[in-house]
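Protein chains in written order, with the numbering used here: chain A, 1 to 330; chain B, 331 to 688; chain C, 689 to 1028.
Some hints could be false.
As the list claims (entries may be wrong) - Covered by chain C, according to a simulated footprint, are these stretches of chain B (three or more residues, beta-carbon under 8 Å):
| id | stretch |
| --- | --- |
| 1 | 585 to 595 |
| 2 | 676 to 687 |
What the hints assert, rightly or not - If we take Cβ atoms under 8 Å as the criterion, some of the chain C residues that face chain B in the derived model are:
| id | residue |
| --- | --- |
| 3 | D725 |
| 4 | G728 |
| 5 | R765 |
| 6 | R767 |
| 7 | V769 |
| 8 | G893 |
Simulated from the structure, these hints should not be mistaken for lab results.
What you are looking at is a predicted structure, and each value in this text was computed from that prediction instead of being measured.
Cβ atoms here follow ideal geometry from the backbone N, Cα and C, with glycine treated the same way.
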Amino acid sequence: MKELIKKVVEAYGPAGNEGRIRELVQNEIAPFVDEMRVDALGNLIALKRGSGSKKLMLAAHMDEIGVMVTHIDKHGFLRFYPVGGLSPLTLLGNRVVFENGTIGVIGAEKLEAQKDLTLNKLFIDIGATCKEEAAAKVGLGDVAAMAREFADLGQRIIAKAMDDRIACAILIEALRAVKQPAYDIYAVFTTQEEVGLRGARVAAYGITPDLGIAVDVTRTGDTPESAIMDVSLGKGPTVKIRDSSLICTPAVRRFMEEVAAKNGIQYQLEVLEAGGTDAGAIQLTKGGIPAGVMSIPCRYIHTASEMVDYEDVLNGVKLLTHIMETEYMG
Amino acid sequence: MRTRGGHSLDSRDFLKTMVQATGVSGHEAPVAALIKEAFLAIADDVRIDVMGNVVAQKKGEGEGDISVMLAAHMDEIGLMVTKIDERGFLKFIAIGGIDQRTLVAQEVRVHGKKDLIGIIGMKPPHLMSPEETQTAVKMQDMVIDLGLSAEEVQQFVSIGDVVTINRQFISLAGDFVAAKAMDDRAAVAVLGECLQELKRIRHHADVYAVATVQEEVSLGGALVSTYRLRPHIGIAIDVCHGDMPGVPEQDTAPLGKGPNIALGANIHPKLYERLVEVAKEQNIPFTLDPIPAASGTDAWAMQVTRAGVPTALVSLPLRYMHTSVETLSMSDVKATGRLLAYFIASVDKSFVEGLLCY
Amino acid sequence: MLLKKLSEAFGPSGCEGDVRNVLLEELSPYVSEWRRDALGNLIAVKSHATGPRVMLAAHMDECGLMVSSFDRSGLLRFRKVGGLDDRVLISKHVLVGPKKINGIIGAKAIHLQKPEERSQVIPLSGLYIDIGAKSKEDAEKLVKIGDYAVFATEFKHLSETVVTGKSFDDRAGCAILAEILKEDFAVDLFGAFTVQEEIGLRGAGVAAYGIDPDLAIVLEGTTCNDLPPSKEHGYCTTLGGGPAITVMDASVICDKGMIAELLRLAKEHHIPIQFKRSITGGSDGGRINQTKAGVPVVVISVPCRYIHSPVSMLSLCDYNHTLQLVKLFLKSIAEGGFTR
Chain A
1 MKELIKKVVE AYGPAGNEGR IRELVQNEIA PFVDEMRVDA LGNLIALKRG SGSKKLMLAA
61 HMDEIGVMVT HIDKHGFLRF YPVGGLSPLT LLGNRVVFEN GTIGVIGAEK LEAQKDLTLN
121 KLFIDIGATC KEEAAAKVGL GDVAAMAREF ADLGQRIIAK AMDDRIACAI LIEALRAVKQ
181 PAYDIYAVFT TQEEVGLRGA RVAAYGITPD LGIAVDVTRT GDTPESAIMD VSLGKGPTVK
241 IRDSSLICTP AVRRFMEEVA AKNGIQYQLE VLEAGGTDAG AIQLTKGGIP AGVMSIPCRY
301 IHTASEMVDY EDVLNGVKLL THIMETEYMG
Chain B
331 MRTRGGHSLD SRDFLKTMVQ ATGVSGHEAP VAALIKEAFL AIADDVRIDV MGNVVAQKKG
391 EGEGDISVML AAHMDEIGLM VTKIDERGFL KFIAIGGIDQ RTLVAQEVRV HGKKDLIGII
451 GMKPPHLMSP EETQTAVKMQ DMVIDLGLSA EEVQQFVSIG DVVTINRQFI SLAGDFVAAK
511 AMDDRAAVAV LGECLQELKR IRHHADVYAV ATVQEEVSLG GALVSTYRLR PHIGIAIDVC
571 HGDMPGVPEQ DTAPLGKGPN IALGANIHPK LYERLVEVAK EQNIPFTLDP IPAASGTDAW
631 AMQVTRAGVP TALVSLPLRY MHTSVETLSM SDVKATGRLL AYFIASVDKS FVEGLLCY
Chain C
689 MLLKKLSEAF GPSGCEGDVR NVLLEELSPY VSEWRRDALG NLIAVKSHAT GPRVMLAAHM
749 DECGLMVSSF DRSGLLRFRK VGGLDDRVLI SKHVLVGPKK INGIIGAKAI HLQKPEERSQ
809 VIPLSGLYID IGAKSKEDAE KLVKIGDYAV FATEFKHLSE TVVTGKSFDD RAGCAILAEI
869 LKEDFAVDLF GAFTVQEEIG LRGAGVAAYG IDPDLAIVLE GTTCNDLPPS KEHGYCTTLG
929 GGPAITVMDA SVICDKGMIA ELLRLAKEHH IPIQFKRSIT GGSDGGRINQ TKAGVPVVVI
989 SVPCRYIHSP VSMLSLCDYN HTLQLVKLFL KSIAEGGFTR
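For reference, chain A alone in the conformation it holds in the complex (with noise of 0.2 Å):
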């Protein structure tokens, strides 16, 4: 599965532009599923069709964070805003890459303190030596992701957009190993997650699913002096129970853990004290709908390099295909 994860996470697909990496998925999936379609925002909505009256809508969000280019100015320098949540630190000295391929590096103005270290400090250099040159290749509203390739380090993998791509990746195996769907599948390839859950909300609302489960990524309390949190690389995909976009159904989240009991899937349960998914808008639509998360856990969210566990990742699948087999009885 990792020449899968390498594709995935590697394509260009910022908020708001996901073109390139939904066409992938497109092809990805084509050959298993019944339907396919896409809607106002973009989102790839795939209908699985199974047994059972019921609608199950599976989320994984295809958007990736990145910059939007706001000025070019007379030496060729570009100015940025984040589109989705983006620290300067884990900026500084990093590349981006544009969809066009146009690389840039991140510099910053000169600081009194590092503290003062803020993103309108920050600027990209693609290495153009004036306007002209630089309004060739790049222009206003442009988005450019991270560049960093795949790295495989064995157990542990490691790449950029990790978060949500993963969890594509997950979807994508799932829907090619699923036998008995127990209902009538929505697996959807969410749009603009990172900018507030408005691929899901919209598409949930389209579908009108018995149940939703969104697959993301979710924090580790594993590395040195880390914040307080329960969760570990390599001890399985998680069954979460909240986080800042919702408190979990109860009833979702204990059929959750019975699947994976019963059919030998270790699992961690998981509160997430800030930081939102697609479950929390698939939940408040229309009149409520029951709702949960699968999570890999996830080092260094939101950098170049989130890491993640292969064995974490595999158990994920089997524990999303197991979900997909299973009716939910509520």
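Please build the complex by placing chains B and C on the supplied structure of chain A, with the hints as guidance.
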């Protein structure tokens, strides 16, 4: 609960049972069950919806052509266990807006496989430097001490379990009462008062009295229940800041002087006017709260559901909000229940149609 | 002049009646079908048998003040409605209540202040509206709790092309929408004059829910910060640079197809055009975009200096270019020149 002779509900007893029960946002099932049972005695139909809201329906004489929804949230703020350390101490985060200063030196109830009593302790003064005593303890530095070994703790407690302050209902002088979760279960008691009052007077509109979930974290319960019920009028009942020293008088409402009626962008002007009219007609004293923007209550969610809902907000003055000793006057609970009942009785089809005429 | 009438109308969020009336009066010869909803949105309906359903939106409300209590002395305490910087409130003339009585927000005389005081912001709790009442009882005869107040700014021409007035955010958008509604386009057109944008984008979502559009164009008056000591990359927009197209703001990512068509039309018709070059601040576009199963949206703005203060400024060239561009866009949509 605690119904007395036939189909009635004593508000004080009902309130006491509710506030002593547990129902942290997202985990309202225990208190929801109590409320459902209580409402069954005084409503025509009571259901719990997919998100956990308790929806009690009382039919009017109009065959369902217009409906009024009342929303009072049953969820309370609380804590959630995030880690059990190797010695059995619990780390936690807040669910809803908690002032960390209200947690120290408190007895808590950890709602695991069974309820366990724990202590959020405080280092004794003997061991503290003068500077330390001047700084509030941070929540991330606190632990819950259950007095058990780690193995024993692991048997009963898991991460994600919710925790509430262990507080009994306290009767103060006069008709003042104090407890945790008065925000907003006192308003659920108001729903009970209103439903009972409606048995004594005639009303055209159907009434949905909804004990909502998750107000403290997302207003999610009100959002989905309003969507489902499609009421013509939505009224949230919540609490507002009661008079107390250290807070400017103009930002509070006095206890025992009746309900507080809100006006402003979150409130439909004609609903505000009608509530004030009814209060005057019924000799119910009241105070006003001008709110320029978000009310911070279920009314904010109700107003923008579907193609919009005319909303109003009525509040109980409450001291020490979001502590475990929230204090209010029972007379305000009764007066608010009456105000809502008489308001509902005054609502007919042409009033509802007039709400769309701007 | 319509922009003058609208700028001077009284309409803080939650109290847009005056603006509604100006629009109804202005448009009664041109619009025969109106809808209103529970929040007070005013929607002009110009149905057409063919063509997509297009929603145009401009918000009627402005930032203002709300009377919250009376001081014993007769001074009025107030709360802010919408995003007003405390510092713009001092030493201003306001109009209070439905009768628009005069009030002033004073400040302690400089003679009585210590030097250190002058570098500190006066907190809201230290500000009052003085309507000249001698006591609380006196004030209660003139004003009620919950009455609103706006800045008493008169619309003026500074030159033939530059005008100043209050609330160009978003009375400029309302004026443009009104002018558009005076013409006919071969699309199913819903012109929504929305409420309560400034306090949380409240009216647009419910209006869109009721209308159920295929696409939406939001007309705004937006930040123009092209003044010293700002650096060029902090300008956001420039006065005279033409209508400003939003690629992304805090609430929405605008539809790329709609943006491309606007750029093409601007080029073809030699209309100056610029991008809005910051991502802060939300708009009605965000709520409309996420209504039901999603609506493609574009936000087009007239650059306005000093928004959210008593004295904003815009260029009538930008205003007219914006109007021209939107009309061209509607014609293009009607002729199927733009498809999704």
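How the hints compare with the structure:
1. 585 to 595: holds (count 3)
2. 676 to 687: Satisfied; 3 residues make the cut.
3. D725: 5 Å, holds
4. G728: At about 4 Å, which falls below the 8 Å cut-off, the nearest Cβ of chain B leaves the hint on G728(C) intact, so it holds.
5. R765: 6 Å, holds
6. R767: 5 Å, holds
7. V769: 4 Å, holds
8. G893: 6 Å, holds
Hint check: no violations occur; every hint is consistent with the structure.
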